[in-house]
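Residue numbers (my numbering), protein chains in the order written: chain C, 1 to 249; chain P, 1 to 201.
Mixed in with the good hints, there may be bad ones.
Claimed, not checked - Among the chain P residues that face chain C by a calculated CB cut under 8 Å, a handful are: (1) 18; (2) 114; (3) 116; (4) 118; (5) 119; (6) 123; (7) 144; (8) 154; (9) 176; (10) 179.
I should point out that these hints are in silico values taken from the structure, not numbers from a laboratory.
Glycine included, every Cβ here is placed at the ideal spot set by N, Cα and C.
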Amino acid sequence: MFEASYILHRRPFRDTSLLLDVFTYQHGKVGLVAKGGYKAKSSKSAILQAFQPLLIDWVGKSDLKTLTQAEPPSAQLELTGQRQFAGLYINELLYKLLAPEEPMPALFSAYVECLSGLSEGEDMSQMLRDFELILLAELGLLPSFDIDWQGKVIQSESNYYLSADSTFVLTQENSRSYVVFSGQDLLAYSSRVQALVSNKSANQVNDLKAVYQTLNKKVSYMLIDQALQGAKLQSRELIKQFSKYTTVG
Amino acid sequence: MKFGVTIDELIDALRVLPGVGQKSAQRMALDLLERKRDGGVRLSKALSEAMHKVQRCEKCRNFTEQDVCEICRDTRRDDSLLCVVESPSDLLAIEQSQQYAGKYFVLGGSLSPIDGRGPEEIGIGQFVSYLDQIQVSEVILATNPTVEGEATAHYISEILKNRGILATRLAHGIPLGGELGFVDGGTLGHAFSGRKPLGDG
């Protein structure tokens, strides 16, 4: 039985094999070993790459399974320029946040949509923010944006901050130690998020205005950081350092 | 275990080699002791010398016994060409092809966020300061045709763009003596997009 999948990460294993972390449609994140996948003349090595749509089959019952078949139903999605880093970023997110072998078919569809959006030149930050939200929702980490920490409805004229347990807490002061969200923004945001998450599709909600986009980035970055529990996202560092090197000083 | 601490240590130490597990390490150790004592002594001397003397070239980060490697010191080589590779073994492969007579820069692998390899880890910082010291007209990006290698090539090409230096990428295509039927779609696609008119020159 072939299963649709994408490779999140690969690394050499022993002399001629590859260790793969694969995101599959029905089984979520699966660890596989591809025997002989790293040989100089292996054509497997060419297709066993990230962003390449694959149909794969494997055997084994332990944590590390053995890849038996891999076929590319279509060509590798071509991410050009900065979009390569965006692709590496969402792969790192899935690699670090998904529990092994937990089926996430809705997230898989969102992933495919995000990758094809990235390769087709859609708005990059929009694609990323939408994917982050669906990822957080699928992991059960998305707070409700219309209910506060005490279960009350968010008031549009009040201010809130995002607490460590992912709830919005009412705040009076405009402190610099945390990001403050206005109730009005949160409420408007809430309806958009719900539309996005219930459609489970990144392309359905394209009308996020700039203000929501900024809010979006702030919220999802904070939630992702909480989910990572102190682990750093290397791909984010990569993009940060990029501007340092590309400006001639 | 059965022979004593020294042999156990030898067997354990041999396992540092790539592709050598417990069984092969045992075989190697016993073989050296039984039949190849001279070879063993030579090996230990060579290993110890190499580990102490070999370092990274100040300029290109290739392995060398001096401060600056032989390739960087070679005045017959073209100073205006710089080829960026992921590892010393890639440099070796290019040298053996005898198709290139410029200088090199050896990175410490490719950018791979999941493996924790960022720009600093692979030596982009050193590459940038090396660029400041030299005059090059073209940088050939010879990183591997993997996702990570491509990302690395793009990263460096952006740095070069800002400095007005031409960045080129090695072509990907069908292996010599190969058959189209066995080539994967990705490679074939690259071969098509990089096709050349026949009969010029």
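Each hint tested on the structure:
Below 8 Å, beta-carbon pairs count as interface contacts, and residue 18 (chain P) has one with chain C at about 7 Å; its hint therefore holds. Look at residue 114 (chain P): its Cβ gets to within about 5 Å of chain C, closer than 8 Å, so that hint holds up. The beta carbon of residue 116 (chain P) is positioned within 8 Å of a beta carbon in chain C (closest approach about 6 Å), and the interface hint is therefore held. Hint status for residue 118 (chain P): holds, given a least beta-carbon distance of 5 Å to chain C, under 8 Å.
Hint status for residue 119 (chain P) relative to chain C: holds, with the closest Cβ pair at about 5 Å, below 8 Å. Checking residue 123 (chain P) against chain C by beta carbon gives a least distance of about 12 Å; that is not within 8 Å, so the hint is violated. The closest approach between the C-beta of residue 144 (chain P) and any C-beta of chain C is roughly 10 Å, which is over the 8 Å cut-off, so the hint fails. Among the interface hints, the one on residue 154 (chain P) holds; its C-beta lies about 6 Å from the nearest C-beta in chain C, closer than the 8 Å criterion.
The interface hint given for residue 176 (chain P) is violated, since its Cβ lies 12 Å from the closest Cβ of chain C, which is over the 8 Å cut-off. Interface hint at residue 179 (chain P): violated, since its Cβ lies 11 Å from the closest Cβ of chain C, which is beyond the 8 Å cut-off.
Consistency with the previously given hints fails for numbers 6, 7, 9, 10, ordered from lowest to highest.
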